[in-house]
Each structure stands twice: as structure tokens, then as C-alpha cells.
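Peer 1: The chain contents come next:
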Amino acid sequence: MSAKLTNAQIAWRAAQDLPDGAYVNLGIGFPEMIAKFKPEGREVTYHTENGILDFGEAPPAGSEDWDLINAGKKAVTLNPGASFFHHADSFAMVRGGHLDVAVLGAYEIAENGDLANWSTGPGSVPAVGGAMDLVHGAKQVWVVTDHVTKKGQPKLVERCSLPLTGVGCVTRIYTSLAVIDVVDKHFVLRDKLPGMSLEELQAVTGAKLHIDGDIADLNVPEV
Amino acid sequence: MNKICPSLEEAVAGISDGMSVMIGGFGGAGAPIELIHALVDRYKKTGSPANITVINNNAGNGAVGIAAMIYAGMVAKMVCSFPRSSDPKAFTDRYLAGEIGLELVPQGTLAERIRAGGAGIPAFYTPSSYGTDVADGKPVEEFDGKHYVRERWLKADVAILKAETADSKGNLTYRKAARNFSPLMAMAATTTIVQASRIVEPGQIDPEQVITPGIFVNQIVEVPNPAQEEALLREETK
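In the order they appear, the protein sequences are chains H and G.
Mapped onto my numbering, the consecutive letters of the first sequence carry residue numbers 1 to 223.
Mapped onto my numbering, the consecutive letters of the second sequence carry residue numbers 1 to 238.
Just so you know, the hints here were simulated from the structure itself, not pulled from any lab data.
The structure displayed is predicted, hence computed values, not measured ones.
We put the CB at the ideal spot given by N, CA and C, even for glycine.
There's no promise every hint is true.
[Unchecked claim] Below, a sample of chain G positions facing chain H; criterion: calculated Cβ distance under 8 angstroms:
| # | residue |
| --- | --- |
| 1 | Arg42 |
| 2 | Lys45 |
| 3 | Arg84 |
| 4 | Gln107 |
| 5 | Ala178 |
Assemble the whole structure, with the sequences as input and the hints as a guide.
Peer 2: Written as C-alpha cells, this is what we have:
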């Protein structure tokens with residue numbers, strides 16, 4: 001297989017699509033990296049489940065305030081115009097359709113938009129957090145992920161085999177190889193790495209990639 | 001009306017075996033460490049209160065707070081959304097050994113169930129968890145072409161919470177993102193016990209700034225300079 005994007009590069013690519021003026025929730029871990037690559041001049045307001053709108057970057061080490069954290073329990077700062085609210089209001093923002101974009105990680109995404117990202121099955125301690133709420137209500141639900149598992153198996157599949165987080169909820173997927181929309185229960189290819197043929201990409205994708213119009217080159221700078 | 005309680009010991013004296021206890025906080029922010037440890041100390045001395053059901057977003061971290069309750073052996077069951085943390089050993093070991101129960105609730109559903117409990121709404125429909133294992137056995141209904149899962153309210157015998165400022169009538173303000181679940185839990189418990197960094201006279205909190213009105217609060221105890229769970233954990237692991 002040809003080269004693939006790093007997680008930082010996937011985050012950079014997703015950040016280019018953040019709409020100006022959007023209210024956005026970035027899932028804990030990998031999706032949080034997107035905030036670093038927000039294009040200049042675009043205003044984006046970040047929401048965190050534990051009750052902050054418009055938080056900013058992490059404070060310098062040693063000056064953390066542990067009552068000022070994000071959902072990943074990392075210390076954050078406040079931007080001018082930030083607000084606090086309790087958890088029921090926070091999830092009213094989520095389920096009530098007030099967020100423009102929610103970005104999550106994934107174990108598997110099915111061509112019908114089903115997402116599995118919370119449980120690898122029996123034998124572990126299950127933990128769901130806010131993911132099952134976030135996949136409902138945001139106008140767009142994006143996933144950032146490696147295109148395949150560590151063992152090389154496709155993460156984009158016809159049907160998820162792992163426990164679902166939500167049914168038919170994903171709208172767009174940014175992977176290490178491509179950008180793919182979910183349209184009418186199909187994967188529609190938007191961008192792919194220029195060095196990779198459609199056949200090569202299809203071979204590592206577990207469901208059919210549909211073509212609808214031009215496929216853009218997935219050109220991402222070193223970040 | 002004076003809801004001030006003179007000591008932590010007296011504040012938690014009414015919590016008895018088998019009760020359900022909502023505990024404020026999201027991770028370390030808002031965790032009422034002194035009230036929790038007053039409860040742990042009582043259990044260690046007297047064996048009571050045992051078989052507690054704890055309702056919190058998480059299931060403890062390290063060996064303080066809820067993790068200390070679990071290590072002490074006084075928790076029968078956790079109701080939470082995310083029983084993982086940087087050091088979840090207290091819960092994980094007992095859970096995998098079958099020694100502690102778990103009701104896993106999506107975070108927004110947990111918040112809304114508690115809000116509903118406090119607001120007199122016995123059930124509601126949410127899109128969250130539809131089509132997932134978490135919705136197994138729950139009634140589903142279609143509204144305007146979309147599926148929703150019916151969830152029940154969640155109440156508790158007791159809530160123990162941390163506030164920044166309280167007045168003697170029980171009006172509360174919180175500090176930054178330490179608010180999280182506490183205003184909801186204050187409504188949903190039969191008895192709401194609050195530790196506040198300072199207690200002031202009625203009128204000294206601007207009514208415009210009150211986050212939890214005193215009607216939801218039964219007892220307050222002053223704990224100046226309270227411990228912060230995350231800061232404690234970082235001290236421990238240094």
C-alpha cells in the first residue's frame with residue numbers, strides 16, 4: 001500500500017471543512033487534534049459535554065485549574081464570551097440540533113452510516129460517555145479514523161460487527177487514505193490519496209465505494 | 001430557616017445501608033471530596049452505610065473520592081456513563097470479579113433522567129441509544145419519522161454535592177465547570193447535602209447569580225479550601 005496520512009494530517013483535512021460560525025463538539029482523543037488546524041479567519045465555537053461553550057487551548061503546564069476541564073478531563077482555558085451550564089442544558093445543545101458538527105473516532109463505520117466506537121465486546125469494562133448522544137442531533141456527524149485496523153482489516157464495512165453507538169448517524173468520514181460521504185446508505189468517495197488507484201482503495205474498503213462526480217486529490221501538507 | 005450543619009459527620013449521619021446516593025462531579029471537577037470521605041470514615045468505623053448505589057458520571061479514579069468508597073467495600077452498584085479514568089483499578093477489578101454492579105447510561109440520558117426525576121417527569125423519549133445494546137428491552141416509539149427510546153426518571157435517597165458559595169437558605173453558586181450534574185442532582189434527591197467553600201448570609205448572593213435555588217437543598221456544611229480530586233491524584237502520583 002502507498003503512504004498514508006498521519007492522524008495529524010487527517011485532523012488537518014477535517015479542519016479545512018469546519019464551517020465559519022459553527023458550533024462544534026470534538027470527541028475526546030484523536031478528534032481533539034482538529035482544533036489545532038482550524039483555518040485562519042474562521043470562527044468556530046467549541047462545546048464540551050461537561051458544560052462549557054467557547055473553551056480555548058490548554059493552559060501552560062503548572063497553571064491548570066482542574067475545575068476548568070473538557071470532557072477528556074484535560075485542563076482548558078476560556079475564550080472571551082465563554083459560558084458555563086449544567087449537564088442537562090449541555091445535552092439539550094447536543095440532542096436539540098444546536099450543534100453544527102460533532103466529530104468522533106470509530107472502530108467501524110457501515111455504509112448505511114451506522115457507527116461502532118464504544119465497545120470491543122465482552123471481557124472489558126463498557127464505557128459510553130456522551131457518544132450515543134452526540135451522534136444524534138448534530139447537523140453533521142464526522143468520523144476521523146485510520147482507513148484500516150492495526151491488523152489491516154477494513155474499518156469501513158457493509159455492516160458493523162461490533163456493538164453500535166448509533167444507527168445511520170455518520171455523514172462524513174476522514175480516513176488516512178480518503179474522504180468519504182455517507183449518502184443514501186452508500187459510501188461516496190470525495191477525495192483520495194493521489195498516489196493510490198481506485199482499485200487499491202477499494203481493496204482495503206469493506207463496502208462498495210460509489211462515485212458521484214469528480215474525485216479530488218487528498219493533498220495534505222506535512223503537519 | 002437555617003440549613004447549616006455544623007460538621008461533615010453530622011451532615012452524612014442520615015445516610016443508611018442500601019441507599020442510593022447521587023454524587024456531584026465530572027471526573028474531579030465538582031467532586032465533594034470531604035463529604036465522600038466523611039462517609040468512608042463512618043463506614044470504616046461502624047460498617048455503615050453499606051450496599052450503597054452510587055450515581056455519578058464516572059466510577060472513581062485512583063484511591064480518593066468514589067474510588068475510596070469502592071476500595072472500602074461500601075458500594076454495591078454504580079450507575080454511570082464512563083467507568084474509565086486514568087486509574088480505574090478500584091472499579092475495574094471489582095467489576096471484572098463480579099463484586100460490583102454496573103448500570104451503564106449514556107451521558108446525556110443520565111443527565112436527563114436525573115433532571116426528569118427532579119422535575120416530576122416519570123419517563124421521556126430520547127434518540128440516544130436507539131438500535132444499540134443499551135436500548136435492549138426499552139420501549140421504542142416513532143415520532144415524526146424518527147425512532148426514540150423511552151427512559152425512566154432517576155431519583156435518589158441522597159445527593160452529596162460541592163458548591164462554591166451557599167447562603168443559609170441553601171441557595172448555591174458553583175465554580176466554573178464544577179457545576180456539571182450538581183444542579184440536576186440537587187433536584188432529584190430526597191435529601192440534598194452540600195459542602196460549600198463559604199457560607200454567607202441570605203441576600204449576599206445576588207439572586208440573579210443563584211444557580212441552584214435553596215428549595216432543592218436540605219443541608220449545607222462549610223468546607224473552606226476544599227480538596228480537588230484531580231489535584232490530589234496528581235500530588236499522589238508525583
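Peer 1: Now tell me if each hint is right for this structure.
Peer 2: Hints, one by one, checked against the model:
1. Arg42: violated (27 angstroms)
2. Lys45: violated (30 angstroms)
3. Arg84: It holds, given that the least Cβ distance between arginine 84 (chain G) and chain H is near 5 angstroms, below 8 angstroms.
4. Gln107: At about 4 angstroms, which falls below the 8 angstroms cut-off, the nearest Cβ of chain H leaves the hint on glutamine 107 (chain G) intact, so it holds.
5. Ala178: Where the cut-off is 8 angstroms and the nearest Cβ of chain H is about 4 angstroms from alanine 178 (chain G), the hint holds.
Comparing the model with each earlier hint shows violations of hints 1 and 2; every other hint is respected.
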